[in-house]
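Undergrad: If you want the building blocks of each chain, they are given just below.
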Amino acid sequence: MSVSKYDELEKFAAELRKSIIIMNCHAGSGHPGGSLSCVEIISWLYCNEMNYSTENMNDPERDRFILSKGHSCLSLYAALAEKGFFSKEAFKTLRHAGGILQGHPDRLKTPGVEFNSGSLGQGFSFALGCALGAKRAGRKNRTYALLGDGELNEGQIWEGCMFGAHQRLDNMVGIVDYNKFQSDDLNTNITAIEPMNDKFKAFGWHVIEIDGHNFREIENAFTRARAMSGKPTMIIAHTIKGKGISYMENVPKWHGSLCPTGKERECAMRECGCEELI
Amino acid sequence: MENMRDAFGKILTELAAERDDFVVLDADVAGGTGTYHFREAYPDRFIQCGIAEQNMFSMAAGLAESGIIPIVTCYAVFASMRAIEQARNSIAYPEFNVKIAASHLGLDVGPDGATHQALEDIAIYRSIPKMSVVSPADPIELKAVMPYLLDNTGPLYLRTGRSPLPNVFDENTIFEHGKAQVLRDGTDATIMAVGVMVHRALIAADALAKEGISCRVLNMSWLKPMDESAVIKAAKETGAIVTCEDHNKYGGLGGAVMEIVCECCPAPVERVAVNDIFGASGEPEDLAKEYGLMPDDIVKAVRKAVSRKL
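Chains as they are written, first to last, in the working numbering: chain A, 1 to 278; chain B, 1001 to 1310.
Treat the hints with caution; some may be incorrect.
The calculated lysine to aspartate or glutamate pairs, modelled on EDC-like cross-linking and capped at a C-alpha distance of 16 Å, are [claimed, not checked]:
# : chain 1 : residue 1 : chain 2 : residue 2
1 : A       : K180      : A       : D211
2 : A       : K88       : A       : E276
3 : A       : K135      : B       : E1095
4 : A       : K180      : A       : E194
5 : A       : K109      : B       : D1044
6 : A       : K5        : A       : E217
Everything labelled a hint here was simulated from the structure, so no lab data went into it.
Construct all of the structure, not just a fragment, from the sequences and the given hints.
TA: Structure representation (C-alpha cells):
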C-alpha cells in the first residue's frame, strides 16, 4: 500500500480523535479512554476493510461491524459521521434527551449502527450469529466484532469462542482492544486475563497479535485473517488507553464516564487539533 | 393426551415441511424440550449451541438479523433467568425477530425439583417491553398458534410445557389468536386459567355448576398482550374472578389480571398459584395437591371470591 494511503488513514484517525473529544465535551460524560484506544482499528475497518457504506447499509451482503465494547461508541459515531451516515451536528445531542446518539449504541436510533451493545459479551455473540447466518445463506460477507479487554471477564465471551470455533466461522474476526485497563484498574489487578493469546488458541481460534495503533500491522493482520480457512480469527491489538491525549494515556479514570473541563479541556482540544467546539 | 414437549417437536417438524424460514436452536436439552423430533428430520436446520444459553440468545439475534427466524429452545428457568438479560438487551431492545420457546414450566416439571421448576417466568418476561408472552393450553392450541407466531414479526416468549395434558380443545377448534377464549360461559364468577391449569379449571367449573355456581372459564394463553376487554367484561358481568396458574402468585397471570381489574373495574380476585415458595421433587399431580393447584383448590377460591362480591 502506498505511503499516501497510510497518510490518509492517519488523517482519518486524527479526525476521529477530534470528534471524540468534541462529543465528549458536548455530552459532559461518556467514555473517552477506550474510544481513543480503538481509533486506528475502527479507521482501518471503515476506510479499507469493510464493504459498508450508506449505499449498501441495508443489503444483506454488506460486511458488519459490531462494537461489542459498546461504551466506546464515541469512536463508532465519529467514524459513521465521517462516512456520511449522519451529520456531525448530531454530536451536540450525544447522551441528551431526544438525540439520535445514545450513551450506548442503538441500531434503531442511529443510522449505521448494527447492534444495541453496551451489555458486555453480547455483541460478540450477536456477531457470531451474523457470521453463521451469512454462511448458512451462502453469502460472502464478513463480520467484525471489537471487544474490550475487560469484556473478556464475561463468561459469555468464552461460550461464544467455543461456538465460533465449533462452527468454523472463518468469516468472523474478533479484535481485542487490549489497552490493559478496565473500568476500575489495570486488567491484571482485576482478574487473570493472561495468557490471553494462549486462551484464544486453546479455544480453537486463529490468533494474531499486533500494535493496534500501527496501520501496517493492522493491515497485515486483517489480510492474514482473510486468508484463514476453517477457523475464526482473533486479533489481539495492543493499544494505549486514552491514546492521543497526553494526560489521558494509561490513566484509569479516563475510562469514563466523564469529560475534561477547564485546563484539561483546553489541552485535549489543542492536542486533537480542535480550535473550538462545533 | 400427549406430552406438550413431544407435541412441540412434532409440530416444528410438520411446519418445517411447509416453510423454510426458521431454524431451531438448542442448548443440549433436545430430549427435554422435544426438539429431538425436529433434529432427526431436519438436522441441517437444527443448531446445537451447547450448554451456553447466554451465547445462544445473543447469537440468535444475529441469525435473525441475517433474515432467518431462530426458534430458541431450552428450559424456562434458563430462558427466563440465566439468559434473561440477553433476551432483553440482544433480542427485545433491538427488536429482533427471535422466538424463544421454553419447556419445563412450574411444578409440572416434577421429579427434577426446584432448580428446574420455573415459577417466575411469566412475571419476568411480561415486564420486558416489546416482548409477547404466549402459553397454549394443550397440543391442539400449540399446533394452531405456531404458524401465527411465525407469521408475526417480533420478539416472543412461548411456553410449551412438559407433561402429558388432557386435550382442552377438539381438533376442529377455530382459535382467535390474541383473545381470551371462552371455554364455558357463566354468570356468578369467572375462572381465568393458563397452561396446565386450564383443564383443572374446567373440572372445577363442572363441580361448581352442581352447587349452583355458574362459572365462566377463560383460557388466558395470551399473557401479553393480554385481552384486557375480556378481563373487564368478566369483572363487570360476573363480579368475581379466580386466576389459576402453575407459577408464583406474584407477577404472573393473577398479577396481570389484578392490574387490569383494579385500574378499570374493581372486583374481588382470588389467586390459585404457588404461595411464594420454591417447588420440590415429586410427581406433578402430587405436587399440585401439595401446593394447592388442584380443581378442589379452584372450587374453594371461587366460593371465596363469590362471597366477597361487592
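Undergrad: Indicate, hint by hint, whether the structure satisfies it.
TA: A quick look at each hint next to the structure:
For a cut-off of 16 Å, the pair hint linking K180 of chain A to D211 of chain A stands: about 13 Å separates their Cα positions. Our distance criterion of 16 Å between C-alpha atoms is met by K88 of chain A and E276 of chain A, whose separation comes to about 14 Å. Distance hint between K135 of chain A and E1095 of chain B is unfulfilled; the C-alpha atoms sit about 23 Å from each other, more than 16 Å. With a CA separation close to 11 Å, the supplied pair K180 of chain A and E194 of chain A stays within the 16 Å bound.
Taking the CA atoms of K109 of chain A and D1044 of chain B, the gap is about 35 Å. The hint is violated against a cut of 16 Å. Simply put, K5 of chain A and E217 of chain A have alpha-carbon atoms about 14 Å apart, close enough for the 16 Å limit, and the pair holds.
Checked against the numbered hints given earlier, the structure breaks hints 3 and 5 and satisfies all the rest.
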